[in-house]
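Listed here are the chains, written in short residue letters.
2 protein chains.
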Amino acid sequence: MFRDAGGRDEALATMTGQFREWLRPRLRDGSYFGFVMSDDGAPVAGIGLMLIDWPPHPAHPMQDKRGYVLNVFVEPDYRKRGLARELMKLAEAEFVRRGVGYAVLHATAKGRPLYQGLGWNGTTEMAKTLDGER
Amino acid sequence: MFRDAGGRDEALATMTGQFREWLRPRLRDGSYFGFVMSDDGAPVAGIGLMLIDWPPHPAHPMQDKRGYVLNVFVEPDYRKRGLARELMKLAEAEFVRRGVGYAVLHATAKGRPLYQGLGWNGTTEMAKTLDGER
Chain A
183 MFRDAGGRDE ALATMTGQFR EWLRPRLRDG SYFGFVMSDD GAPVAGIGLM LIDWPPHPAH
243 PMQDKRGYVL NVFVEPDYRK RGLARELMKL AEAEFVRRGV GYAVLHATAK GRPLYQGLGW
303 NGTTEMAKTL DGER
Chain B
183 MFRDAGGRDE ALATMTGQFR EWLRPRLRDG SYFGFVMSDD GAPVAGIGLM LIDWPPHPAH
243 PMQDKRGYVL NVFVEPDYRK RGLARELMKL AEAEFVRRGV GYAVLHATAK GRPLYQGLGW
303 NGTTEMAKTL DGER
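Protein chains in written order, with this note's numbering: chain A, 183 to 316; chain B, 183 to 316.
Each hint should be verified, as a subset may be incorrect.
What the hints assert, rightly or not - Listed below are the simulated DSBU-like cross-link pairs for lysine-lysine, each with C-alpha atoms no more than 35 Å apart in a straight line:
1) A:K247 - A:K292
2) A:K262 - A:K292
3) A:K310 - A:K292
4) A:K262 - A:K247
5) A:K262 - B:K310
6) B:K271 - B:K292
7) B:K271 - B:K310
8) B:K292 - A:K310
9) B:K310 - B:K292
10) A:K271 - A:K292
11) A:K247 - A:K271
12) A:K310 - B:K262
13) A:K292 - B:K292
14) A:K310 - B:K310
15) B:K310 - A:K292
16) A:K310 - A:K247
17) A:K247 - B:K292
18) A:K271 - B:K310
19) A:K262 - B:K271
20) A:K271 - B:K271
21) A:K271 - B:K262
22) B:K262 - B:K292
23) A:K310 - A:K271
Read the hints as simulated data drawn from the structure, not as lab findings. Keep in mind it's a predicted model, so treat the numbers as computed, not measured.
Based on the provided sequences and hints, a complete structural model is requested.
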């Protein structure tokens, strides 16, 4: 997904190893969940979901969690068939089922129109890379 | 802060109670930290900081944490003197001291130019309010 979005292989290789380590216990305990679509047993599209701890906020005054959508990916041969849209609908329903009423994601340029069409809007988030470890 | 940014009193009252409950244990265990500036013993400006769990990401491939800046506020009589800028510099240095190299925040329209001037940039975050509890 990150390569598809223009990431450099070197940084991605480092991240992939770290992400795999990070993911393993969270898949096991269910704190990272999601959906995979398969065609004849082969995965062709997927979406990752988490509930992230967040201070109660005007957008969710009673709740200290937000849904987070990540790792949305559809294999190139399976694009333009609405699979990502279906995955997003499954994701939204799953958040609601788990009692969460506010969710965020970070969109690639390619993904942005899809999310906008489903009622997602840009936020005021800003970020900075600092001199610390990364 | 949220009222200053145009929030409705009713939603803010709910949130404030929930936030206070949420904050108490986190102030105690140090997971919410920050800086307060005072004038003759009275607080006049403050900034809240957290380290939030996040999957290793191209912007921080080795780390599973990001810094988060929240609740930046300067009392009206103390604005236009650079206090928020000083608080942000303290925040960035504190993140680096704690070994974090990537941080995020959500800016009000009023705060945005300050953060931009310090090298912060908008992200691709998007959000949606769902039918679940909030």
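So, going through the hints one by one against the coordinates:
1. A:K247 - A:K292: holds, 27 Å
2. A:K262 - A:K292: holds, 12 Å
3. A:K310 - A:K292: Roughly 23 Å separates the two Cα atoms, so the pair holds.
4. A:K262 - A:K247: holds, 33 Å
5. A:K262 - B:K310: At roughly 23 Å apart (the allowed maximum being 35 Å), K310 of chain B and K262 of chain A satisfy the hint.
6. B:K271 - B:K292: holds, 18 Å
7. B:K271 - B:K310: holds, 32 Å
8. B:K292 - A:K310: holds, 18 Å
9. B:K310 - B:K292: holds, 23 Å
10. A:K271 - A:K292: Holds - the C-alpha atoms of K292 of chain A and K271 of chain A are around 18 Å apart, at most 35 Å.
11. A:K247 - A:K271: Status holds; Cα separation ~20 Å.
12. A:K310 - B:K262: It holds: about 23 Å lies between the C-alpha atoms, which stays within 35 Å.
13. A:K292 - B:K292: Holds - the C-alpha atoms of K292 of chain B and K292 of chain A are around 30 Å apart, at most 35 Å.
14. A:K310 - B:K310: Holds. K310 of chain A to K310 of chain B sits at ~24 Å (cutoff 35 Å).
15. B:K310 - A:K292: holds, 18 Å
16. A:K310 - A:K247: holds, 24 Å
17. A:K247 - B:K292: Holds, because 26 Å separates the two Cα atoms, which is no more than 35 Å.
18. A:K271 - B:K310: holds, 12 Å
19. A:K262 - B:K271: Roughly 46 Å separates the two Cα atoms, so the pair is violated.
20. A:K271 - B:K271: Given that 35 Å is the threshold and the Cα spacing comes to 41 Å, the pair is violated.
21. A:K271 - B:K262: The hint is violated at about 46 Å.
22. B:K262 - B:K292: holds, 12 Å
23. A:K310 - A:K271: Cα-Cα ~32 Å, so holds.
In this structure, the hints that do not hold are numbers 19, 20 and 21, in rising order.
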